[in-house]
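Asks: Letter by letter, the chains look like this.
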Amino acid sequence: MNIFKDAGHLFRFAGLFVLAFIVFLVVRGYVVPKSFGQYGHYRGDAMSDIAARPVKYAGHEACETCHSDKAEEKSKGKHAHVNCEACHGALAKHAEDPAAVTPTKPDTAVLCARCHTATAAKPKGFPQVNPTDHSNGVPCETCHQPHSPAIADAGGAK
Amino acid sequence: MAEHWWGMLIDIPKCIGCGNCVRACATENDIPDGYFRTWVERYHVEDEDMTNPQVISPDGGKEGFPVAAEDAGKYFFVPKMCNHCADSPCTQVCPVGATFVSPDGVVLVDPKYCLGCAYCVQACPYGCRYIHPEKKTADKCTLCYHRITKGLTTACCENCPTGARQLVDLKTPKDPIHVFLRTHPVQVLKPQMATGAKAYYNGLDGSVR
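Taken in sequence, the protein lines are chains A and B. Read in our numbering, the first sequence has 147 at position 147, and its numbers run on one by one without any break. Start counting at 1 in the second sequence, then tack on 158, and there's your number in our numbering.
Note that these hints are calculated values from the structure, not bench results. Among the hints, erroneous ones may be present.
To be verified - The list that follows gives simulated cross-link-like pairs (lysine to aspartate or glutamate, EDC-like), each with its CA atoms no further than 16 Å apart:
hint	chain 1	residue 1	chain 2	residue 2
1	B	Lys232	B	Glu199
2	B	Lys308	A	Glu96
3	B	Lys308	A	Asp49
4	B	Lys270	A	Asp45
5	B	Lys329	B	Glu161
6	A	Lys124	B	Asp229
7	B	Lys308	A	Glu61
8	B	Lys220	B	Glu199
9	A	Lys56	B	Asp188
10	B	Lys270	A	Asp49
Please build the complete structure, drawing on both the sequences and the hints.
Replies: Shown next as structure tokens:
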């Protein structure tokens with residue numbers, strides 16, 4: 001007696017399931033990126049995609065390779081730890097090809113006030129002035145050298 | 159596995175609220191107006207009213223802050239950003255594996271996988287995520303992953319004039335962060351949520367949320 005005699009329709013049905021599963025595996029193999037699951041439940045290549053974005057701020061080391069005179073001047077003053085692009089803006093394009101972009105000179109009357117305008121909210125030790133009383137709109141560089149802002153002559157502002 | 163384990167040190171007593179970090183971040187990462195990967199809040203606490211600080215952040219602090227009145231209680235600035243949590247709630251809720259903690263400890267979003275469902279925006283206890291208005295995918299601080307992987311520091315740290323923000327590598331024994339953490343009163347935001355936050359705040363006031 002053959003127990004499989006009347007079970008042919010079940011095998012055909014099971015065959016359909018197996019086929020569907022194989023199709024699923026093949027499609028999955030194509031659709032899921034190779035790097036998915038490399039480090040965890042995410043696409044590993046996403047990290048290199050994000051890391052490949054272009055840089056806009058070159059970083060002060062790049063500036064200092066050419067402008068060592070300014071870096072030297074700055075290193076002696078109070079602004080030693082203020083990086084170049086904090087005032088001069090994003091200049092990676094200038095660092096790559098100096099002729100491509102000419103940096104514009106910042107307006108010291110506006111630029112300096114961003115940090116040095118007096119307000120009770122700032123740390124007490126931070127040098128701050130009321131721009132109207134202090135200079136009344138005269139650009140700060142009239143008296144202060146931005147790269148080393150202390151005024152050398154005795155009796156002047158520090 | 160990875161060579162680094164990145165984090166950030168934020169030194170509150172050094173922050174002057176100039177907004178340089180916010181502007182630098184927007185420039186470096188092309189952030190649309192009105193959206194922020196980092197922003198600066200100004201806290202104002204009057205007398206003993208610790209639980210009810212007045213917090214302002216006009217345009218994320220991008221253009222600085224209004225002049226504060228003298229003798230009206232204490233003021234301080236708190237720069238905020240993604241805390242790059244080691245046990246991040248935002249990565250745990252993503253249904254499609256689009257956001258993750260990288261092997262070097264940076265919480266990233268894969269824009270190719272993100273559906274824009276915004277579960278992660280709701281899950282972040284620090285409010286650091288948003289849906290990008292054009293890409294319609296979740297967007298957040300990448301800790302300038304494209305810069306730190308090239309040996310540069312982040313745009314916000316590069317442009318902080320007082321050194322109030324510093325990129326730290328917790329896996330490098332020579333990194334000054336180790337000495338700093340041992341010798342300073344450092345906190346993370348919302349420690350009760352056990353997120354493993356890696357944005358370390360020095361001199362953080364108790365009123366900060």
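Asks: It remains to establish, for every hint, whether it holds in the given structure.
Replies: These are the hints, each one checked on the structure:
Between lysine 232/B and glutamate 199/B the alpha-carbon distance is near 14 Å, which keeps this suggested pair within the 16 Å criterion. Of the pairs offered as hints, the one joining lysine 308/B and glutamate 96/A holds, with about 15 Å between alpha carbons and a cut-off of 16 Å not exceeded. This hinted pair checks out: lysine 308/B and aspartate 49/A have alpha carbons roughly 13 Å apart, not beyond 16 Å. Of the supplied pair hints, the one linking lysine 270/B and aspartate 45/A holds, its CA atoms being roughly 11 Å apart against a limit of 16 Å.
At roughly 7 Å between alpha-carbon atoms, lysine 329/B and glutamate 161/B fall within 16 Å of each other, so this suggested pair holds. A distance of roughly 13 Å separates the Cα atoms of lysine 124/A and aspartate 229/B; the hinted pair therefore holds under the 16 Å criterion. About 13 Å separates the Cα atoms of lysine 308/B and glutamate 61/A, which keeps this hinted pair within 16 Å; it holds. In summary, the hint linking lysine 220/B to glutamate 199/B is supported, as the alpha carbons are separated by about 10 Å, within the 16 Å threshold.
Between lysine 56/A and aspartate 188/B the CA atoms are separated by roughly 10 Å; this keeps the pair inside 16 Å, and the hint holds. A distance of roughly 10 Å separates the Cα atoms of lysine 270/B and aspartate 49/A; the hinted pair therefore holds under the 16 Å criterion.
Every hint, counting from the list given before, is met by this structure.
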